[in-house]
Amino acid sequence: DAGITQSPRHKVTETGTPVTLRCHQTENHRYMYWYRQDPGHGLRLIHYSYGVKDTDKGEVSDGYSVSRSKTEDFLLTLESATSSQTSVYFCAISEPPRYNEQFFGPGTRLTVL
Amino acid sequence: AQTVTQSQPEMSVQEAETVTLSCTYDTSESDYYLFWYKQPPSRQMILVIRQEAYKQQNATENRFSVNFQKAAKSFSLKISDSQLGDAAMYFCVFTSGTYKYIFGTGTRLKVLA
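Each protein sequence line maps, in turn, to chains A and B.
First residue of the first sequence: 1, per our numbering; consecutive thereafter.
First residue of the second sequence: 1, per our numbering; consecutive thereafter.
It is worth saying that the hints were derived from the structure and are not from the lab.
We put the CB at the ideal spot given by N, CA and C, even for glycine.
Keep in mind that the hints are not guaranteed to be accurate.
So the derived list for chain A, only partly shown, Cβ under 7 angstroms to chain B, looks like this [to be verified]:
hint: 1; residue: P39
hint: 2; residue: Y48
hint: 3; residue: G51
hint: 4; residue: V52
hint: 5; residue: Y99
hint: 6; residue: N100
hint: 7; residue: E101
hint: 8; residue: F104
hint: 9; residue: P106
hint: 10; residue: G107
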C-alpha cells in the first residue's frame, strides 16, 4: 500500500472555527491533491500541488486554502468552517508519467455543527 | 470539457454470478488513462484496474476485466464469480495524464448471498 496518512481521521467542529487537515506521504510523489466526497457527486477536487510551494485551485476551492512546505506534507485549511463543508476529505498522490493512477489516503470525516 | 458518466447508481448481483458496470466518457484527447476504483464501507479508495488508451488489449486483473471501446468512448467493468467482498461503491475515473482526474458519480454494487 502507498504510504499516505491523513490526520485527524475524524473531527467535529463548530461553525466559524478554523480547521487544518494534514496529509503525509512517504512515496516522494510530486503531485498531491485534496478532494471532498459528497453523496451524488463522486470526488471533487479542492486544490492540488505539483511541487513544494506550488499549488493551484480545483473546482470547489472557495473557503479552502492549502500549503505545501515539504514534499511529504500537504495541508488543507478551512479558515472559518461552515456547515456546507461537512464532508469526507481525501488526500491523493500521483507521479505522472511513471504512475498515472492516484493513490489515496484513508479519508477524514469532518462534521461542522 | 471532459466528462465521465456512470448511468447505474446501484446494481445487484448474486454471489458467484457475473456483473458488468457501465462507464462512458467524453474527451477530444487521443492519449489518456482510465481506471476503476473500489470504495468499500471502510472508505478506502482501492485501484481495481487501469487501461491505457493506446493499448487495444483489454486489461484484466484476476476476476476483474474491462471492455474498452475507444471509438464508442465506453469503459465497462466486468466482475466474474462475484464475492461478498466485492460489495462497494465503484468509480470510473479518467485522466489525460496531467493533474486533472475526472470521476464518475459512482455505482453502488450489492452482492446477494
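Fill in: Cut-off 7 angstroms, beta-carbon criterion: hint that N100 of chain A touches chain B
holds, 5 angstroms
Item to complete: Closer than 7 angstroms between Cβ atoms is the bar; does E101 of chain A clear it against chain B? Give me holds or violated.
Response: holds, 5 angstroms
Should the hint that Y99 of chain A touches chain B count as held when the rule is a Cβ pair under 7 angstroms? With Cβ-Cβ at 10 angstroms, over 7 angstroms, it is violated.
Worksheet item: Does P106 of chain A meet its interface restraint, that is, does its C-beta lie within less than 7 angstroms of any C-beta in chain B?
Response: holds, 6 angstroms
*With 7 angstroms as the cut and Cβ atoms as the points, is V52 of chain A at the interface with chain B?*
For V52 of chain A, the interface hint is violated, since the closest Cβ of chain B sits about 15 angstroms away, which is over 7 angstroms.
- Task: With chain B as the partner, please determine if G107 of chain A meets the hint condition of a C-beta pair closer than 7 angstroms.
- Result: Given a least distance of 5 angstroms, the restraint on G107 of chain A holds.
task = Tell me if Y48 of chain A is really an interface residue toward chain B, meaning its C-beta lies closer than 7 angstroms to one of theirs.
result = holds, 5 angstroms
Query raised in the report: Any CB of chain B closer than 7 angstroms to the CB of P39 of chain A?
Result: violated, 9 angstroms
Handout entry: Interface hint outcome for G51 of chain A [beta carbon to chain B under 7 angstroms]
Key = It is violated, given that the least Cβ distance between G51 of chain A and chain B is near 11 angstroms, above 7 angstroms.
Residue hint F104 of chain A, partner chain B, criterion CB-CB below 7 angstroms: This hint holds: F104 of chain A lies near chain B, its Cβ roughly 4 angstroms from the closest one there, short of 7 angstroms.
This entry does not satisfy hints 1, 3, 4 and 5, going by the numbered hints stated previously.
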